[in-house]
Amino acid sequence: MNSKQEDDQFDRLPDALLLLIFNKLLDAKTLIRCLSVSKRFASLVSQIHTIFLPLPCFVPNPKPRELGFPIKVIKVLVNKLITKPIQFLHHIVSSKPHAAAINSNISNHFLYYSPNKVLKNFKEIKTLRLALPRLGCEMGFNGTGDHSLLKWKAEFGEELRSCVVLGATSFQRQLEREEQQEIRPPLTEEDLQSRIIWTISCLVSASMRHFLLKQIVGKLPMLQSVVITDASKQGKLRMVEQQLVELRNTVKNSSEALESSLERTPIPNLCMKLWYVPEMELPASGFAMKGLTLVLIKPASERSVSEGDLLLGDLDGEDDEEKAVFGEAMREIVKRKMMFMMEMSSF
Amino acid sequence: MSSSKKSRIVKFKTSDDKTFEVEEAVAVQFETIKSMIDYVCANDCTIPLPNVNAKTLAMVVEWCKKHADERDQLMEVDVDEAPGAVLYDLLVAATYLRVEDLIHRVSQRVSKMVIEIGKLPEEEDVRKTINIKSDFPPQVEEELRKLRRTLGPLSDVLVLFVSSGLLE
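One line per chain: the protein sequences are A and B, in this order. Under full-length UniProt numbering, the residue at position 8 of the first sequence is numbered 8, and the numbers go up by one with no gaps. Under full-length UniProt numbering, the residue at position 153 of the second sequence is numbered 153, and the numbers go up by one with no gaps.
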């Protein structure tokens, strides 16, 4: 009976209820759409406390400039190194002639829009999730034909707190049990070198995201939880309330923190533990991995963080099943006795 | 004692002036009146519900009688035949009576609806669908439209980034 009424249905809902609905939207596209529907919508949408914001890729020469909106873009260097470390590494290790091609690729910067512009409309945000775009020619790590794997997760406060990197040269559902081949060399120099490149590229990636967050954190006073992921589901940066408070204070006290020529947060002296297994089967999930590597990283000054704590929390993945596989891989590999301790100086 | 307790009835009067008898087992799920049930039953009072009409109260009662797993189904059915208006009534009622699970599910439903509506290409289409009139100055409207045209297929995402600056 009410359906016949043609009056303004949304106007019947009190503000509190409309806000409740908006808080369930999450989708940034729709939310910003609502901003331009009416003034009432705009004022309510700007009060929401949870938003999921996928950042669009920068498109060269977008027309809106003619309307006079300076669009702040973030230039991010080292494209290939970050997006495709495994392929990158294969090139370096196996074929020298490709080096030139890689260098030219590196010089192709990629760009994405700064979320500042959007986020300043949402002053009340408590929970923020950003997803960085999939970039240009990237294929994705678990995509067609390529079974390699590289995942990371990192926690930051003012600077890096911890980082976990999980990688494998092959990652596949196990078809049938193969003959055990235990004669493989444990870890060649080449392998080790490649693992260090993986680790560095993940750290660079994480510290760039942290730098991005630095530019936002001061403008969102209510922020309690941040997760920055990417469209390829490779890495996940996470910060909780206390860490955000710490970062906000640092940013307030020194403007230098925002002006880094690196365009990323410097990484402190690190100590890391590296586990490596040439082949490993994961009975619970039915997957098999080759060249499986786990690196647990913490600042050299930080003695208190335990390894168990580092392993808590999922790596980003396509679905829950995949996340469970990574979880199992991490739990299994730390049981192995063979482990390398390394130190890395600040960069 | 316990059998007499089970048979207690709580009376409501809806906004359209109808008297409604609700079993105690259902009424205790209304957080708002939970604590007053004893008093109401002892004194044979009728609780007025100025925000809830009979049809909507019937839906809420129906909902509360179902087990959690049947509620999803009920939600689906209701939504197919229920346009926005019914959902809003339900949401207002659920909030007034404080039936948490129902609040959660209805607002989830409405938010899905809003996302669908938000996909319409023009702001004006969005407004028409939900019957809202723009109260923005015409020049802002015009700039938004222009922007959308210039950007073409890319506009979906990019307009958001640009337009958010427009509306300060």
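Keep in mind that the hints were calculated from the coordinates and are not lab data. Bear in mind that the values here come from a model prediction, so they are computed numbers and not experimental data. Cβ atoms here follow ideal geometry from the backbone N, Cα and C, with glycine treated the same way. Check each hint, because a few of them may be wrong.
Stated by the list, open to error - Simulated crosslink set (DSS-like; lysine-lysine; CA at most 27 Å straight-line):
1. B:K13 <-> A:K24
2. A:K126 <-> B:K65
3. A:K123 <-> B:K65
4. A:K24 <-> B:K18
5. A:K273 <-> A:K219
6. B:K65 <-> A:K120
7. A:K29 <-> B:K65
Stated by the list, open to error - From the derived model, a few chain B residues whose C-beta atoms are all more than 10 Å from chain A:
8. S35
9. E123
10. D135
11. F136
12. P138
Hint-by-hint comparison with the structure:
Under the criterion of a C-alpha separation no larger than 27 Å, the hint pairing B:K13 with A:K24 is inconsistent with the structure, at around 32 Å. Between A:K126 and B:K65 the alpha-carbon distance is near 36 Å, which puts this suggested pair outside the 27 Å criterion. Only pairs whose Cα atoms come within 27 Å are accepted, and A:K123 paired with B:K65 is rejected, the gap being roughly 41 Å. A threshold of 27 Å between alpha carbons decides the hint, and for A:K24 with B:K18 the separation of about 34 Å lies outside it, so the pair is violated.
With a CA separation close to 37 Å, the supplied pair A:K273 and A:K219 exceeds the 27 Å bound. Between B:K65 and A:K120 the CA atoms are separated by roughly 45 Å; this puts the pair beyond 27 Å, and the hint is violated. Distance check on the hinted pair: A:K29 and B:K65 sit about 37 Å apart at the alpha-carbon level, beyond 27 Å; violated. Listed as a non-interface residue, B:S35 keeps its Cβ farther than 10 Å from every Cβ of chain A; the least gap is roughly 22 Å.
Interface exclusion of B:E123 from chain A breaks down, the closest Cβ pair being 6 Å apart, not more than 10 Å. Interface exclusion of B:D135 from chain A breaks down, the closest Cβ pair being 5 Å apart, not more than 10 Å. With 10 Å as the threshold on Cβ separation, the claim that B:F136 sits away from chain A is violated: the shortest Cβ distance comes to roughly 7 Å. For B:P138, the shortest C-beta to C-beta distance to chain A comes to about 13 Å, beyond the 10 Å cut-off, and the non-interface label holds.
Violated hints for the displayed structure, listed by number in ascending order: 1, 2, 3, 4, 5, 6, 7, 9, 10 and 11.
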